[in-house]
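Student: Take a look at the letters that make up each chain.
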Amino acid sequence: MTAYRTAAPLGRLVCSELELALCRPRTAVVLGALTVVPLLATVLLAIDAGPLSSTAGVLTVSLSEAAAFSLGMPVVLIAAEAFATERARGTLDGLRLSPVGPGRLVLLKTAAVGASAVLAAGTVVAVSLVAGAVVLGTGEFGTGATLSRALLLGGWATGQLIGLGMLLLALSASVRRPVAVVAPGLVALTVAPLASALWQASASALPTGRWHEVLAGVMSVPAETGTLWATTVRAAGFAVAGAGITVFLLTRRDG
Amino acid sequence: MSPATFGESPTVASGTGHPVPVLQTAPAPTGPPRGLSPARPPAVRALGVARGFGPVRAVDGVDLDIPMGSVLGLLGPNGAGKTTLMRMLLGLLAPTEGAVELLGRRLPDRATEVLPHVGALVGEPALHPHRTGRQNLLRYAAAEPLLDTARIARAVDATLHRVGLGHAADRPVRGYSTGMRQRLGLAVPLLTRRRLVVLDEPTNGLDPAGTRHVRRLIAEMNATGATVVVSSHLLSEIEATCSHVAVMQAGRLLVAGRLDTLLDSGPGTLVVTTPDAGRAVRVLRAHGVGAEQSAGSQVRVAPGPEAPDVVAALVRAGVAVEQVTRPAARLEEVFARLTGDTGSPDAGSWAPAGAGR
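Here the protein sequences come in this chain order: Z and D. In terms of this note's numbering, the numbers along the first sequence are unbroken and rise by one, the last being 255. In terms of this note's numbering, the numbers along the second sequence are unbroken and rise by one, the last being 612.
By construction, these hints were calculated from the structure, which means they are not laboratory data. Check the hints yourself; a few may be wrong.
Sample of chain Z residues facing chain D (criterion: CB under 10 angstroms; computed from the structure) [to be verified]:
hint, residue
1, Ser16
2, Arg89
3, Ser98
4, Gly101
5, Arg234
Residues of chain Z placed beyond 10 angstroms of chain D at every Cβ, according to the derived structure [claimed, not checked]:
hint, residue
6, Thr35
7, Leu39
8, Gly90
9, Gly142
10, Thr225
Because the structure is a prediction, the values reported are computed rather than measured. Note that CB positions come from ideal geometry on N, CA and C, so glycine has one too.
Isolated chain Z (complex conformation) (with noise of 0.2 angstroms):
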């Protein structure tokens, strides 16, 4: 018996994976309702005229507004439905029995967490690019510093949806049912902001806290990168954090 495999190749269970939480038309409505917080910023800012009318304005508005609810929602509902809706559904037993272990489960959830992120940061990034060049120009920046900005904070955003993403994989992972999920990225996404300008101290401990003190911050000349630094190492700690929780929960006994 033991001449025979006894693992799926990884990158067909990736693939397998990506496109149960992708390939799906959610997917494509919410990163539509993306694209629109880009398209309406190029919009009031073409009528503001202020100093923020560039691509790079048009970047830094549509990724502070989209991080208040729509930027991590593709992230929730993707980590939501890692655990607990597959456990509710019975799916995860029957790639337990695959078997598929504790460690490529939480691999495969991650990478289909990375994913949403990154599709979701890209897709803001992306339409602000192109949306705020032909309407607006580079303005100030020029094109090579507008370039470098906006994929610094695309990256940067993807890794704070990853970390949030992460933690709320560990929640998933210990519930049945995905509204114990859903809800409490929702309110990561939606009051964590406004804790964080209510009590400074919550900015440091909430995945999306400090996201205008980064974008101002990068937007700046010279740019400071500081708390952009930071707030990735952050990121980082919460998707360890997230990442080690979520073996341990789903390696215990019933896992």
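Go by the hints and put chain D onto chain Z.
Tutor: Relative to chain Z, chain D alone:
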């Protein structure tokens, strides 16, 4: 504790310690289970397996060996612990006591080694409703270690046709009937050739044609060498499909053994053929023996009295007796005897053969 054995005679499960009425009991074996060579381990071995949920012991000290190549029917009223036991046998639920071996490998330590050879449908079919039947099956196929990537699409197509879903393969599962979902759930263990298949009420929601189809699939799997463990509420299905049975009640294994041996054992019902059936019934009832006229000249005598005693009582009363037979017991009869099911609503929620769910 030693496992219930699969020798010629059904034996009481040693782990339960409860004597089984009707069936002969054997002393708890101390060596390897009878009928099994040490070189060929049982397909499934449960050693004192128990599982509690709070104060309730859903499974209570089950010892069971299931021989390679057999088709075992797991019987029991609702709440007997069948599904919990099946989940523990598959490693989906950890026993609070005892151990499980599949195909000679101890779980959970060697699960990755053995599980690729095990297929299962336990509980409701596990499916994503927004995905098509084909997409659902492709996902399971992607996780199958024994399927080559190049063969996946072909294997999925073939399996969908095998379970009769070829025509509905590209429809979302949310539009499937209960029977179609059940067929799709059954397709998962059929994706590759298995050495052990565990099916929890596989005919749930299926019409008679679907039920016959499942019976054929089980026979096919068994013919290719797979050991099949199947639970069902339909005793007629178990009787038609299985070579072995195990009966559970209140978390305990009452008996396990070959089906034919189980049916041959015990007193069974006597059938008396007499030209004066009405009088025969009255005479027997006067002797405190349960009897009823079943067909024109036939009287069915409730299990208990021996044939010579019945004949003597009738002859003494002047009733002519043409023939006395003891037809093989039906599984339903044996089951009722084992579980003490009186057929009253309080006696459990057992559905008689053919009743479905």
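Student: Give a verdict on every hint.
Tutor: Structure-based check of each hint:
Because the beta carbon of Ser16(Z) sits about 4 angstroms from the nearest beta carbon in chain D, less than 10 angstroms, this interface hint is met. For the restraint placing Arg89(Z) at the interface with chain D, the shortest Cβ-Cβ distance is roughly 6 angstroms, inside the 10 angstroms limit, so the hint holds. About 4 angstroms separates the beta-carbon of Ser98(Z) from the nearest beta-carbon of chain D, less than 10 angstroms, and the hint is met. A distance limit of 10 angstroms between C-beta atoms decides the matter here; for Gly101(Z) the minimum to chain D is near 6 angstroms, and the interface restraint holds.
The restraint placing Arg234(Z) at the interface with chain D is violated, with a minimum CB-CB distance near 34 angstroms, outside the 10 angstroms limit. Every CB of chain D is more than 10 angstroms from the CB of Thr35(Z) (nearest about 23 angstroms), matching its label as outside the interface. Once the 10 angstroms rule is applied to beta carbons, Leu39(Z) is consistent with being away from chain D; the minimum gap is 29 angstroms. Not every beta carbon of chain D lies more than 10 angstroms from that of Gly90(Z), the smallest distance being close to 3 angstroms; the non-interface claim is violated.
Distance check on Gly142(Z): its Cβ is at least 46 angstroms (rounded) from any Cβ of chain D, clearing the 10 angstroms threshold; non-interface status holds. Remark: the non-interface label on Thr225(Z) is consistent with the geometry, its nearest Cβ contact in chain D lying 41 angstroms away (cut-off 10 angstroms).
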